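Peer 1: Residue numbers (our numbering), protein chains in the order written: chain A, 450 to 578; chain B, 752 to 947.
Just so you know, these hints were derived from the structure itself, not from any lab. No experiment lies behind these values; they were computed from the predicted model shown. C-beta atoms are modelled at their ideal positions from N, C-alpha and C, and glycine is treated no differently. Among the hints, a few may not be true.
[Said to hold, decoys possible] Calculated lysine-lysine pairs in the DSS-like style (CA-CA distance at most 27 Å, straight line):
| no. | chain 1 | residue 1 | chain 2 | residue 2 |
| --- | --- | --- | --- | --- |
| 1 | A | Lys519 | A | Lys508 |
| 2 | B | Lys836 | A | Lys542 |
| 3 | B | Lys862 | A | Lys519 |
| 4 | A | Lys542 | A | Lys508 |
| 5 | A | Lys519 | A | Lys542 |
[As the list claims (entries may be wrong)] Facing chain A, according to a computed beta carbon distance under 10 Å, are these residues of chain B, among others:
| no. | residue |
| --- | --- |
| 6 | Gly802 |
| 7 | Asp807 |
| 8 | Val899 |
| 9 | Phe945 |
| 10 | Ser947 |
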Amino acid sequence: MRIATLSALVLAACAIGRPAVAADGDPVRGAGIYQRCQACHSLDRNRSGPKHCGLFGRKAGSVPGYRYSKAMLRAGFVWDAASLDRFLANPMKAMPGTRMGYAGVRDPGERADLIAYLRVATAGPPDCP
Amino acid sequence: MTCIEPSPRPQNDGRRRFLSAGGRGALSAAAIGLLAGCDSLARAPAAQAAGQAANDAAILNAALGAEQEAIAAYQLGAESGLLQKPVLALAIAFQGHHREHADALAAAVSKLGGQPVAPLPSYDFPVARLNSQADVLAFAAGLEKGAVSAYLGAVPIFADRELSRVAASILGDEAMHWAVLRQALGEVPVPGAFVS
Numbered sequence: 450m451r452i453a454t455l456s457a458l459v460l461a462a463c464a465i466g467r468p469a470v471a472a473d474g475d476p477v478r479g480a481g482i483y484q485r486c487q488a489c490h491s492l493d494r495n496r497s498g499p500k501h502c503g504l505f506g507r508k509a510g511s512v513p514g515y516r517y518s519k520a521m522l523r524a525g526f527v528w529d530a531a532s533l534d535r536f537l538a539n540p541m542k543a544m545p546g547t548r549m550g551y552a553g554v555r556d557p558g559e560r561a562d563l564i565a566y567l568r569v570a571t572a573g574p575p576d577c578p
Numbered sequence: 752m753t754c755i756e757p758s759p760r761p762q763n764d765g766r767r768r769f770l771s772a773g774g775r776g777a778l779s780a781a782a783i784g785l786l787a788g789c790d791s792l793a794r795a796p797a798a799q800a801a802g803q804a805a806n807d808a809a810i811l812n813a814a815l816g817a818e819q820e821a822i823a824a825y826q827l828g829a830e831s832g833l834l835q836k837p838v839l840a841l842a843i844a845f846q847g848h849h850r851e852h853a854d855a856l857a858a859a860v861s862k863l864g865g866q867p868v869a870p871l872p873s874y875d876f877p878v879a880r881l882n883s884q885a886d887v888l889a890f891a892a893g894l895e896k897g898a899v900s901a902y903l904g905a906v907p908i909f910a911d912r913e914l915s916r917v918a919a920s921i922l923g924d925e926a927m928h929w930a931v932l933r934q935a936l937g938e939v940p941v942p943g944a945f946v947s
């Protein structure tokens, strides 16, 4: 997603009085951080990691057509800002057995930015249905 | 999927020599496989070492999945008919690097007692958006940039420091791919002093 497009989406969401982003996260900075995720993930396509469209409010381990680890299938939680924050800080520690072999986003500010981006970018067009 | 032919023998011009010179003398897949488990894992108590090995194998498998996707992506690009000859040769060479990375990572996973992940039966590439050579190069550049970030995230968390060295070695190669692809796209090849 282009930064300009993302900025416009955030402004539009704010204009109609709906909280578009995490309280202290910057989705434009988060778009840059999301590039780190793109080794394995995409917004709209399953890759070696599952797609992210529709992430917020989705039960963990439930993207159709993606083959999850047993750990993720057993997770039993719903993705929201809090669960993402816990998981992204250190995926392998938060969920032993996950296939997400990644150090995580250790900086809380960067996590907030990334989560803010995900909240906007995964919710609808232009990158998600 | 049919495999593309091995990289043609570089012609005797400076640019091709430059592009093909990297990688010689690098760690072979077999050598990397042998490195796995040779450092801190060997010194840790058995239960702790087993857990560390499983974690290291999971990190390696995540990287292996990305490498397998890159191999398939370059295959798609090579077969697209969109790449002109010098760029096509580059894509084939880069695919060969990813194949070497994948072999090395799979060997290391096996050495650690893990099961290397298999390539996906098919990859959901955004083919509708790949309509020109520039589209293919930009797509490949995105994958390479993602790979750089992934290896950067992996380097500090291996229990086995030899694997960190291997990951750093592959990171360097991916970063070179990314820079060359950016150059081919007419972009600044090295956009900053640091990568993230």
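Peer 1: Could you check the structure against the hints above and give me the numbers of any it violates, in ascending order?
Peer 2: Hint check: 2 and 9 fail, others pass.
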